[in-house]
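> Sequence:
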Amino acid sequence: MESINYTCIGASHITENKVCQDYSLSINADGLCAAVVCDGHGGKRYFRSDKGAEFAATITGEKIKEFVENFDKSLIIGKPFTQCLAKSDPKNTSSDELFSIFNRLFTSIVSTWYAQIEKHANDNPLTDKERELCEPAWIDEFKNGVKIEKSYGCTLMAAVFTKEYWFAFHIGDGKMISLQRNPLFTEPVPWDDKCFLNKTTSLCDNNPFDEFRYCYCGDGSSPDAVFLGSDGMDDGFRSTENLVGFYIKVASSLVNEGKDKTFNDIKTILQKRSQDDMSLAIVFDELKISENLEVYKKWQLQKLDTDIAEKRQRTAKFETEKKHKISEYESVKSKVKQAEETVAEKTAEYDTVKQAYFEHEKRINTLKEQLANLVNFFSSKKQVMLDAEAALNRAKQDLDNANKELQFAEKGCQIANNELQTEVSELQKLLKKKTELETK
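When the sequence shown is numbered by our numbering, its final residue is 441 and no position is left out of the sequence of numbers.
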């Protein structure tokens with residue numbers, strides 16, 4: 002057995018000026034071959050998850066070595082492949098001695114990780130940049146040594162192979178896939194339904210000791226290869242089948258191209274695909290892979306046949322849709338042509354009406370000018386009329402005054418006439434009286 006690993010920073014992390022939060026390692030020692038992948042959480046709350054992932058991976062590597070050195074292999078030799086759910090899972094019924102031994106391994110990893118991150122927190126106070134990202138409550142917790150593990154939160158998966166047995170364990174998301182003859186691929190460690198969408202179990206949970214899932218086997222059977230991929234691999238390849246297809250190419254390359262060339266190809270491919278951080282670690286048996294290359298090829302051919310059939314079906318569907326769209330296009334094109342003709346016709350009508358409008362507007366402007374002149378003339382004549390009317394009114398007033406003077410004069414004449422008549426009458430009386438006296 003051999004192992005290799007590679008971790009690359011995601012393009013989104015480069016854009017956002019964030020560090021790589023994944024960490025992976027591989028162990029190739031005498032009688033021991035192992036791989037470890039840790040994925041630091043990406044939220045602001047987990048602002049030191051890159052360190053958490055690094056510590057978790059290196060601690061796990063050391064604990065695996067200690068475990069294998071001290072493990073009583075007689076307890077596992079002869080045991081068939083067995084999958085074990087998390088201790089906290091209600092469906093978990095494991096109760097044998099291996100269950101207790103593996104749980105002590107997980108407890109040792111987590112406890113040492115706690116001690117390591119606590120030391121790191123004490124030796125490395127919050128930086129100004131970290132303070133900018135942290136909410137006040139997180140800063141207080143960090144300063145008081147409360148919930149420090151949240152700042153370093155990460156997932157963990159590992160696969161361990163010796164000459165007599167192998168086992169693997171996992172807490173959190175990401176995907177571990179094994180390749181073998183039949184079935185071609187499986188997830189050796191049972192999946193945890195708590196890992197859904199953006200939620201995952203983690204080393205920073207309140208009780209992570211009970212959330213490890215694992216598998217083991219000591220009957221001499223083992224996969225051709227086990228691939229450990231962080232959730233960035235799931236996102237980059239989008240489906241388990243796509244991942245398996247890639248892993249088969251990697252396995253074939255390990256046999257045909259060698260370890261170094263394969264590593265460089267993995268590096269190139271992951272760097273092109275990585276939006277999120279990506280980690281891939283592989284434990285593989287080159288001889289077994291070589292023996293089963295035809296099985297891989299057959300699966301790939303079957304998948305290609307399925308993909309081709311699906312693609313043909315989709316192609317036929319798209320061809321039908323294309324014909325329908327072409328028909329719609331021709332119909333719309335005809336409508337456009339008709340509309341263009343109508344626009345041309347209406348444009349000619351509009352130009353004619355527009356010309357007539359401008360001519361009438363010119364005439365109206367002329368009439369407006371004439372009307373303005375007439376209004377001015379009318380206004381001047383109206384003023385003359387008003388002046389004449391005022392003179393007439395004055396003359397009438399003078400006439401009234403003259404009539405009044407005439408009436409007054411007539412009365413004066415009448416009075417004078419009456420006085421004259423009275424004087425005449427008195428004169429006549431006096432003359433008569435004189436006459437009468439003279440005749441006596």
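Hints are computed from structural coordinates only; laboratory data are not their basis. Heads up, a few of these hints could be off.
Taking lysine-lysine pairs in the DSS-like style, the calculated list, with each CA pair at most 30 Å apart, reads [stated by the list, open to error]:
hint: 1; residue 1: LYS369; residue 2: LYS355
hint: 2; residue 1: LYS164; residue 2: LYS298
hint: 3; residue 1: LYS273; residue 2: LYS64
hint: 4; residue 1: LYS412; residue 2: LYS435
> Decide, hint by hint, whether the structure agrees.
To see whether the hints hold, each was checked on the structure:
1. LYS369 x LYS355: holds, 20 Å
2. LYS164 x LYS298: holds, 28 Å
3. LYS273 x LYS64: Status violated; Cα separation ~34 Å.
4. LYS412 x LYS435: violated, 34 Å
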